[in-house]
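Q: All residue numbers for the sequence shown refer to the UniProt record's numbering, where the first residue is 1 and numbers rise by one.
Derived by calculation from the structure, the hints in this document are not laboratory data. Source: prediction; values computed, not measured. Some clues are possibly wrong.
Each computed DMTMM-like pair below joins lysine to aspartate or glutamate, with the alpha-carbon atoms no more than 25 Å apart [to be verified]:
1) K86 to E58
2) K7 to E65
3) K7 to D26
4) K7 to E58
Derived DEER-like restraints, expressed as beta-carbon distance ranges [as the list claims (entries may be wrong)]:
5) T46 to D26: 24 to 34 Å
6) G34 to L9: 19 to 29 Å
7) A23 to T59: 49 to 59 Å
8) H39 to E65: 51 to 61 Å
9) S63 to R25: 43 to 53 Å
10) L57 to A12: 22 to 32 Å
11) A87 to T46: 53 to 63 Å
12) A23 to L67: 53 to 63 Å
13) W49 to D26: 30 to 40 Å
14) V22 to L67: 52 to 62 Å
15) P30 to I54: 32 to 42 Å
Where is the CB? At the ideal position from N, CA and C, for every residue including glycine.
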Amino acid sequence: MLTFNDKLLGAAFMLGAAFLAVARRDLISPGLAGLIITHALQFSSTLTWLVKQISDLETSSVSLERLHEYSMVTILDSMSLVLLHKAFHLYLGFKCIRFSCSTALN
1 MLTFNDKLLG
11 AAFMLGAAFL
21 AVARRDLISP
31 GLAGLIITHA
41 LQFSSTLTWL
51 VKQISDLETS
61 SVSLERLHEY
71 SMVTILDSMS
81 LVLLHKAFHL
91 YLGFKCIRFS
101 CSTALN
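Let the hints inform the model, and build the full structure from the sequences given.
A: Shown next, in the form of structure tokens:
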């Protein structure tokens, strides 16, 4: 969708440049009109490249932010892991579900 919008904007820019070259043909030389139209044709690809570069920069920035956050995480020592393990099992002890089996063969 973004590429379509870029191409649409480039086509509108090209159309405007072509109309400008035709409307001002008495003021603009044919060589300059050709140069304007040539650069207007390159506008769409340049715009697409610019959007791609900006999105790549944003992706790289997010990767750097994640790397920074991961580097700030402290490593748990073995005693903390033992306490965490005991607390987890204590929590599971309070949250157990009991099933009772009853038969309907009376």
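Q: Each hint needs a verdict: does it hold in this structure or not?
A: Verification of the hints:
The hinted pair formed by K86 and E58 fails the criterion: a straight-line CA distance of about 43 Å is larger than 25 Å. As the CA atoms of K7 and E65 are separated by approximately 33 Å, the hinted pair breaks the 25 Å bound. As the CA atoms of K7 and D26 are separated by approximately 30 Å, the hinted pair breaks the 25 Å bound. Distance hint between K7 and E58 is fulfilled; the C-alpha atoms sit about 22 Å from each other, no more than 25 Å.
Taking the beta carbon of each, T46 and D26 are about 30 Å apart, inside 24 to 34 Å as hinted. Between G34 and L9, the C-beta spacing of about 22 Å keeps the proposed range 19 to 29 Å intact. Restraint check, A23 to T59: a C-beta distance of roughly 43 Å breaks the suggested window 49 to 59 Å. Distance hint for H39 and E65: a CB-CB separation of about 38 Å, inconsistent with the stated range 51 to 61 Å.
As the Cβ distance of S63 to R25 is approximately 52 Å, the hint placing it in 43 to 53 Å holds. Under the hint 22 to 32 Å, the C-beta atoms of L57 and A12, about 26 Å apart, fit the expected range. The given range of 53 to 63 Å is respected by A87 and T46, whose C-beta atoms sit roughly 59 Å from each other. Look at A23 against L67: about 54 Å separates their beta carbons, and that is inside 53 to 63 Å.
Separation of W49 from D26 is about 35 Å and conforms to the stated range, judged on CB atoms against 30 to 40 Å. For the pair V22 and L67, the supplied restraint of 52 to 62 Å holds, since their beta-carbon distance comes to about 54 Å. Take P30 and I54: their Cβ atoms lie about 36 Å apart, and the range 32 to 42 Å holds.
Going down the numbered hints, you'll see the structure goes against 1, 2, 3, 7 and 8, while the others check out.
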